[in-house]
Amino acid sequence: MTASILTVDDSASLRMAIRIALTGAGYAVTEAVDGADGLAKATGTRFDMIVTDLNMPNMDGLSMIRALREQPAQAGIPIIFLSTESDADMKAQAKAAGATGWLVKPFQPDQLIRVAQKVLGK
Amino acid sequence: MSEDPTATFRVEAGELLEQVEQGLLDLGHRLGDMALVNAVFRGLHTLKGSGAMFGFDALAAFTHHCESAFDRVRKGEVPATAELVSVILSARDHMAALVDGDAPKAEGDAILARLAAAVDAARGGGAGAAASAAVPAAQGWKMFFRLPADAMANGTNPLMLLDELRDLGEAEVRVRTDALPPLSELIPNECHLGWDVTLRGDISREAIEDVFIFVMDDMTLEIAPLGDEAPAEPVVVEDAPAVVAAAIEAAAPVAAAAGGPPAAAQPAVENVRVPAERLDALMDRVGELVIAQSRLSQLANNRHDLLLRSVTEDIERLAGELRDTMMVLRMVPVSSLFGRFRRLIHDLARETGKSIELQTSGETTEVDKTVIERLFDPLVHIIRNSCDHGLEAPADRLAAGKSETGLVKLSAHQAGGEVLITIVDDGRGIDRDRVRAKGEANGLIEPGQQLADEELFGLIFHPGFSTAAQVTNLSGRGVGMDVVKRTIESLRGSISVTSEAGKGSTITLRIPLTLAIIEGLLVRVGESRYVLPLSAVEECLELSLEEDLRSRGRSLITLRDRLVPFVRLRDLFGTGTRPDPHQKIVVVATGRERVGLVVDQIIGNHQTVIKSLSAFHRGVGSFSGATILGDGNVALILDVAQLVAMAQPREETLRAAS
Amino acid sequence: MPQAKQRAEAAMAAADTDWNERGELEVLTFDVGGETLALEATMVREILDLLPETLVPGAPALVRHVVNFRGRIVPVADLRLAFAMEAAETTPDSRIVVIELPIDGEQTLIGLRTDHVREVATLSAGASEEAPVVGMRWQRDYVRRLVRWRDDLIILPDLSAIFAAVLSPRP
Chain A
1 MTASILTVDD
11 SASLRMAIRI
21 ALTGAGYAVT
31 EAVDGADGLA
41 KATGTRFDMI
51 VTDLNMPNMD
61 GLSMIRALRE
71 QPAQAGIPII
81 FLSTESDADM
91 KAQAKAAGAT
101 GWLVKPFQPD
111 QLIRVAQKVL
121 GK
Chain B
123 MSEDPTATFR
133 VEAGELLEQV
143 EQGLLDLGHR
153 LGDMALVNAV
163 FRGLHTLKGS
173 GAMFGFDALA
183 AFTHHCESAF
193 DRVRKGEVPA
203 TAELVSVILS
213 ARDHMAALVD
223 GDAPKAEGDA
233 ILARLAAAVD
243 AARGGGAGAA
253 ASAAVPAAQG
263 WKMFFRLPAD
273 AMANGTNPLM
283 LLDELRDLGE
293 AEVRVRTDAL
303 PPLSELIPNE
313 CHLGWDVTLR
323 GDISREAIED
333 VFIFVMDDMT
343 LEIAPLGDEA
353 PAEPVVVEDA
363 PAVVAAAIEA
373 AAPVAAAAGG
383 PPAAAQPAVE
393 NVRVPAERLD
403 ALMDRVGELV
413 IAQSRLSQLA
423 NNRHDLLLRS
433 VTEDIERLAG
443 ELRDTMMVLR
453 MVPVSSLFGR
463 FRRLIHDLAR
473 ETGKSIELQT
483 SGETTEVDKT
493 VIERLFDPLV
503 HIIRNSCDHG
513 LEAPADRLAA
523 GKSETGLVKL
533 SAHQAGGEVL
543 ITIVDDGRGI
553 DRDRVRAKGE
563 ANGLIEPGQQ
573 LADEELFGLI
583 FHPGFSTAAQ
593 VTNLSGRGVG
603 MDVVKRTIES
613 LRGSISVTSE
623 AGKGSTITLR
633 IPLTLAIIEG
643 LLVRVGESRY
653 VLPLSAVEEC
663 LELSLEEDLR
673 SRGRSLITLR
683 DRLVPFVRLR
693 DLFGTGTRPD
703 PHQKIVVVAT
713 GRERVGLVVD
723 QIIGNHQTVI
733 KSLSAFHRGV
743 GSFSGATILG
753 DGNVALILDV
763 AQLVAMAQPR
773 EETLRAAS
Chain C
781 MPQAKQRAEA
791 AMAAADTDWN
801 ERGELEVLTF
811 DVGGETLALE
821 ATMVREILDL
831 LPETLVPGAP
841 ALVRHVVNFR
851 GRIVPVADLR
861 LAFAMEAAET
871 TPDSRIVVIE
881 LPIDGEQTLI
891 GLRTDHVREV
901 ATLSAGASEE
911 APVVGMRWQR
921 DYVRRLVRWR
931 DDLIILPDLS
941 AIFAAVLSPR
951 P
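Protein chains in written order, with the working numbering: chain A, 1 to 122; chain B, 123 to 780; chain C, 781 to 951.
Since the hints were derived computationally from the structure, they do not count as laboratory data. Where a beta carbon is used, it is the ideal one built from N, C-alpha and C, also for glycine. Watch out, some of these pointers could steer you wrong.
Subject to a maximum C-alpha distance of 25 Å in a straight line, what follows is the list of computed DMTMM-like cross-link-like pairs (lysine to aspartate or glutamate) [stated by the list, open to error]:
#1 B:Lys476 - B:Glu526
#2 B:Lys524 - B:Asp510
#3 B:Lys476 - B:Glu540
#4 A:Lys122 - B:Glu641
#5 B:Lys733 - C:Asp884
#6 A:Lys122 - B:Glu294
#7 B:Lys733 - C:Glu910
#8 A:Lys122 - B:Glu205
#9 B:Lys733 - B:Glu540
#10 B:Lys491 - C:Asp829
#11 A:Lys122 - B:Asp553
#12 B:Lys476 - B:Glu292
#13 B:Lys197 - A:Asp37
#14 A:Lys122 - B:Asp318
#15 A:Lys122 - B:Glu473
#16 B:Lys733 - C:Asp829
#17 A:Lys122 - B:Glu328
#18 A:Lys122 - B:Glu514
#19 B:Lys733 - C:Glu806
#20 B:Lys625 - B:Asp753
#21 B:Lys531 - B:Asp469
#22 A:Lys122 - B:Asp285
#23 B:Lys733 - B:Glu664
#24 B:Lys733 - C:Glu886
#25 B:Lys733 - C:Glu801
#26 B:Lys524 - B:Glu622
#27 A:Lys122 - B:Glu292
#28 B:Lys197 - B:Glu229
#29 B:Lys733 - C:Glu826
#30 A:Lys122 - B:Asp332
Chain A regions said to be covered by chain B (calculated; three or more residues, Cβ under 8 Å) [to be verified]:
#31 2–16
#32 31–41
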């Protein structure tokens, strides 16, 4: 079964890059334009993985991750966050919020795919 | 919104290259500053990564070499040298060309050859650091790991980690259940198992740590090489960020710097990037709204409908606030402008063989973005002049008891509705005698005529005036200070010079904060209405009938014991109308020059949204733009600088009149 | 196909006019000073009723006024002056045809004063001829082609040449 991935990012170009990389690797991709949109799209369903930016308008990534983890139905779903400033502090905050792992921008398509394979299995 | 990641990358790349350039220029002054080395490295690294991500392979490949060189500097293997900085600066230019997709490969190869030579030379001079010893290949590893209790809830699947370890080599896995709580207390989401793994094969420790990268911070991981029969020394991962960085070095440019000096503090402000055209379009709409609103106000004032009036007042207030907000959106700090001159100074120093230091201050001062764009060329010219003519050769400076390095100071600060930009050099100063001689030779002044400094230096701005004994490569490019003055005046600004022999010169530009909307004075001449920028208006007077009659045929009027030239706009515009019985004079000024403009009526203040004129009317001279009045009609905006210049009488006329 | 060849030649001769591959050109026709002029329909942005005009003192006679066209300051050109036609009062039929044209390297909106806007028509390159060397009241380089259409002879003016003359007056 095709794994479904939700990508949450306010940058259309980045969503596009992520979509191209992941669909190319055989995943189904749903897009959300900000944290609120991401939360709305994820609630009531179960994606196999969520890739989200942290710095977004209308609910940032950290708040979205926290809100998702409060829903029992979202437990165990790998959530990967994208960050440009990969300072330890940001990572710690995201991890504390319930993120699974991270990917530092800029990334190559194969780095994204490697992360997807890492958390979803090959 | 553009769906083209490439276009986005181009914008990003431009900014990165700018940062790299700034970093390099700073580094040129402080070669030992590791924070700068790290900043440049990060910039190059990000550029390479994004470049490859968006298909700029040539850029990524080229940048890779520069990044590698800087990586060695960063690791202390090679010291930063002036030559290395200089080569990377050239490389930066090549990268910019690669981003634009128009870079000759030969040029890139030549730069890389220079780069290799620079690195070799630097290494020869610096301490040849030993290459970091590679971790000896092991037969394998013995490890124990335990995940944090919430790892599974947070999306980490231990089975995937075990699969990954198995992918690395032959693995023997045993589970430890010693930490399991009693069944009654067990929460199924929590992970209390531990695993002993023996992994055989030629596997690097990094590869193993890579498997645990996302959970490294809070997990227990003990690793020891196989064959070490001594009790395994537990490796407690404390220095997590550094290890993580080593593990996914390619994916984590900034993490790589976590152990180094902190990056420049970024204010925690969310920014939205908007193309300038959209801002301009929005500004146009706001301008139209302001105009429509003033029409509405006019209509409402003619009716006795209180409700309509109250709504109109609300809209008036909102439109005003919107306009003010819009103005702020258009403001950008002058740092974006000043930053561009550091490269210029670097190049000028090379060209002239002078040692030049640029000091900037007040970079956070904000100016309308259109003003910033139009200030660039005049400032280039002024700075070139300062470096070329102002600053002396190093030997002359030493002889004059100055430091060898010439100083150019560029500063900005806001004063009221204006921004003052000053360019100061500590060079030889302007040679008054030469300016005077030149002015006399060109017939601009009478021989022996007494002149205040301001008037004397003002000659520099006269068209065709140039004091350079010889036209040099730098300043003699056909653009004179007169063009600089015109450009500044077209921004409704002014320029002035002071200078002290042997000490240097100061050029001061006064620029209005914004161009798009001005406070105007609406006047009527004949049947047409015109707008004067209120900032240029000094006073408004009545032209008495006798004064009017007495001044017939003359173009000067006595104003508080001063003779002021004046222009009858009715005559200038050929209205063919009879003058109103009570003519008014609006005295306008640029700098010290003033002129009285005779109009038929002063209507009042007017919020003026400036619109540009087409190519047909831009050259007409008396007008700097147009605006739309409350009734929808167009009013032209008078170009005060032009009118003042036009009305300045010749010296002889002045003398004859006095 | 001699006719096609002739059309092709005509099209070549009028290289600055974008006849399509069938040698046709879609135009808007309008009257100015008793003549019928035509301009490429692609050039036309809008047809307006007369607007209050503002005189620009000192401006070239051909473009002496500006109007407010949706918040933009648009110069108004009187082509009568380019073709040495008599000045005339405006009539209820008078309109301003707003066109867009590169002037001095930038896309510029220009309002053209017309006595009457006729229709959108399809002209044929085969029915067009060069402006004659003699017997014409107008400056020859102001006319791209003369085109027969129904019973009329329509002028395809060369606006670039006309407006260039205003930008850099001949010495």
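Right, here's what the structure says about each hint:
no., hint, result
1, B:Lys476 - B:Glu526, "8 Å, holds"
2, B:Lys524 - B:Asp510, "17 Å, holds"
3, B:Lys476 - B:Glu540, "34 Å, violated"
4, A:Lys122 - B:Glu641, "67 Å, violated"
5, B:Lys733 - C:Asp884, "18 Å, holds"
6, A:Lys122 - B:Glu294, "21 Å, holds"
7, B:Lys733 - C:Glu910, "40 Å, violated"
8, A:Lys122 - B:Glu205, "49 Å, violated"
9, B:Lys733 - B:Glu540, "21 Å, holds"
10, B:Lys491 - C:Asp829, "37 Å, violated"
11, A:Lys122 - B:Asp553, "78 Å, violated"
12, B:Lys476 - B:Glu292, "67 Å, violated"
13, B:Lys197 - A:Asp37, "43 Å, violated"
14, A:Lys122 - B:Asp318, "23 Å, holds"
15, A:Lys122 - B:Glu473, "59 Å, violated"
16, B:Lys733 - C:Asp829, "23 Å, holds"
17, A:Lys122 - B:Glu328, "21 Å, holds"
18, A:Lys122 - B:Glu514, "70 Å, violated"
19, B:Lys733 - C:Glu806, "33 Å, violated"
20, B:Lys625 - B:Asp753, "57 Å, violated"
21, B:Lys531 - B:Asp469, "17 Å, holds"
22, A:Lys122 - B:Asp285, "10 Å, holds"
23, B:Lys733 - B:Glu664, "31 Å, violated"
24, B:Lys733 - C:Glu886, "16 Å, holds"
25, B:Lys733 - C:Glu801, "41 Å, violated"
26, B:Lys524 - B:Glu622, "15 Å, holds"
27, A:Lys122 - B:Glu292, "18 Å, holds"
28, B:Lys197 - B:Glu229, "28 Å, violated"
29, B:Lys733 - C:Glu826, "21 Å, holds"
30, A:Lys122 - B:Asp332, "17 Å, holds"
31, 2–16, "holds (count 5)"
32, 31–41, "violated (count 0)"
Figure legend: structure checked against the earlier numbered hints; hints not met, in rising order: 3, 4, 7, 8, 10, 11, 12, 13, 15, 18, 19, 20, 23, 25, 28, 32.
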